[in-house]
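Enquirer: One-letter residues, chain by chain:
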Amino acid sequence: MQSRFLLLFLIMAGLVVAFAPLPAPAVAPQARTFRIDARQYAYSPSELKVNQGDTVTLQLVSTDVVHGLYVDGYDVSVEADPGQSATLTFTANKSGSFRFRCNVTCGAMHPFMIGKLTVGTNNWLYRSVGLAFLAVVSVNLSLKQKA
Amino acid sequence: MAKIELTRSTFIKNALKSRYPQLKVFIVMLIGYIFAILAGLIGTPVGSHNFSIVFVWIAWWAILILVAVPFFGRGWCAVCPIPLPGEWLQRGAILNPPDKRPKWLNQRVPKMFRNIWMQNISFLLLALFSSVLLTTPNITGIVLAAMLFAAIGLSTVFERRAFCRYLCPVGGFIGLYSQTAPIELRIKYKQVCVKCEGKPCYNGSTNGYGCPWDVFPGGLTKNTYCGLCMECIRTCPHDNIAVNLRPFSADLAKPSTRMDEAFKAFIMLGSAMIYAGVLLGPWGMFKDAAYNVGSSAWFVYAIIFLAIIFVILPGFFTLGILNTKNVLPLKQRFASLSTALIPLGLMFWVAFSLSFVLTNASYILAALSDPLGLGWNLFGTANTAWRPMLTSILAPAQTLALVGGLIWSARTAQKAANEIRTSSISIIVFSFILTLVMLWLLL
Ligand code: SF4
Ligand code: SF4
Ligand code: SF4
Ligand SMILES: [Cu+2]
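Quick mapping for you: the protein sequence lines, in order, are chains A and P. Going by our numbering, the final residue of the first sequence carries number 147, and the count climbs one at a time with no gaps. Going by our numbering, the final residue of the second sequence carries number 1443, and the count climbs one at a time with no gaps.
Everything labelled a hint here was simulated from the structure, so no lab data went into it. Careful: at least some of the hints might be erroneous.
[Stated by the list, open to error] Covered stretches of chain P (in silico footprint by chain A; criterion: 3 or more residues with CB under 8 Å from a CB of chain A, positions within the stretch not fixed):
no., stretch
1, 1283-1295
2, 1406-1417
[Claimed, not checked] DEER-style ranges, computed between Cβ atoms:
no., chain 1, residue 1, chain 2, residue 2, range
3, A, Phe133, P, Glu1419, 25 to 35 Å
4, A, Val16, P, Gly1380, 40 to 50 Å
5, A, Asn123, P, Thr1257, 42 to 52 Å
6, P, Ala1297, A, Tyr126, 42 to 52 Å
7, P, Thr1156, A, Pro45, 48 to 58 Å
[To be verified] Not close to chain A: a few residues of chain P, all C-beta gaps over 12 Å, as computed:
no., residue
8, Gly1047
9, Arg1186
10, Ala1242
11, Leu1365
12, Val1403
Treat the numbers as computed from the prediction; the structure is a model and nothing was measured. C-beta: ideal position from N, C-alpha, C; glycine also.
Build out the structure end to end from the sequences listed, making use of the hints.
Expert: This is the structure we're talking about:
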């Protein structure tokens, strides 16, 4: 009986950690522009951070062959010819961490030409860490119960 | 928990006993495999448009690691085309000949090679070149062909499936992780085997061949080395072989004591983490180093790769168990407790592969219609645009896999620690920290 109660409690705690709404920090939205150089097989800079609500402009500059930039989760993209630049503007309304990746086949390692855009805080990572912690605690508690 | 004997169904049993259903699958697989070799060698050098890369490293890999291994264990080995030409040559037959005298050298594999160290090495060799292997059709074609010919070569020198047992880089980790699968092939009654004369399941009979995997079915306690080839179902005169549905990870209740198997767990765990960082991370420097095989950056990468697998991970793991008081020697504790890393590693691979596969699955449709990248359009899908699939559920699915793997690993650690009367806490902390690293790398 007691162990069932414990299990229920842990599942509830897990759900809270995974889904409880968090207050979005109130930061006035800004317009931000990044110049991103693309070469085989990397972006530079490859890690971008913006606040939720910001208007993000990416200026993609290809330094060798044709490259693209596709943002996971936002489903927006842009392509730049060699030596040229192209811009992409979108509103970063979803928070979290998103990969951006090349969407024009540009050579062997093309599928792994990847960068990372973080909008606001990467809450899902912290929630996942919380879940992992809860998991370890519950496994140990369930052992104590049996012992 | 109870087991359910699947072979009690006469339909399943007859399908497994007959050689024809399996042969049909074999032929399809072999044609696909040879086509992949040819596509790799003569098709377009652009990996994402070549059948060899797309079907081997995206489609096959996805099925293998997300479905076949977790649910069917060595199920892939039951239909794998790689050892077939060698095996047919070795037997001098494709089905079942009346005359079973050895046709070739039929040597026993030397004792020093009767472990999985060669498989550990062959896997690491491929792993160190993986950035090139995964992206270059030529190299994939050559490696696939080399495996086929190595299997043929070993079949003519040694008895049974020496390639599968001792060299195949894929077979090593399938065997390790097959212990977690909810399916097994075992005998029904020990007593029947004890009284059985001639042990045809191991020695062969007019009904079929002795175990090609050099396993005595009567002694099976774990899935690792049984290739689910179904020969023993055909040869056992006492109907004593069963294929059972069972709880997940049943084999892990009896921890291994072998160092080669323990290190296999570390190799797989470490590789999944390194790939997650190098291939899916945003750091171009690592990708350059991994891809430019032979450059000095690559040598540094190779050294770090091996150091993580052989020094850093086992080192911290050992530190964790050093102070636990126990009558058993450290080596044995190390091997037993590393069992906990088997489900952890499997789920690391699942989480890594989910991202890789969902992002690139749309290439499969295009490659189906234009397998050589020559501008064909066989099924009208050649122009399918690349687009990541299911991006919104990817992160939750990865968390589920990683946290689920952590729980599974912690439970396994408790059982393994119980078995040798020691504490599991340091192993659980070890798994927890690695899970955090993996979450950070992937999310
Ligand atoms: S061990 Fe390797 S070659 Fe043998 S059946 Fe399994 S995957 Fe195929
Ligand atoms: S042939 Fe059948 S009964 Fe005889 S030893 Fe093998 S599994 Fe047991
Ligand atoms: S003969 Fe039986 S025990 Fe041996 S590999 Fe085949 S299925 Fe497994
Ligand atoms: Cu590209």
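Enquirer: Does each hint fit the structure? Answer for all of them.
Expert: Structure-based check of all given hints:
no. : hint                                : in the structure
1   : 1283-1295                           : holds (count 6)
2   : 1406-1417                           : holds (count 5)
3   : A:Phe133 with P:Glu1419: 25 to 35 Å : holds, 26 Å
4   : A:Val16 with P:Gly1380: 40 to 50 Å  : holds, 49 Å
5   : A:Asn123 with P:Thr1257: 42 to 52 Å : holds, 44 Å
6   : P:Ala1297 with A:Tyr126: 42 to 52 Å : violated, 34 Å
7   : P:Thr1156 with A:Pro45: 48 to 58 Å  : holds, 56 Å
8   : Gly1047                             : violated, 6 Å
9   : Arg1186                             : holds, 28 Å
10  : Ala1242                             : holds, 31 Å
11  : Leu1365                             : holds, 15 Å
12  : Val1403                             : violated, 5 Å
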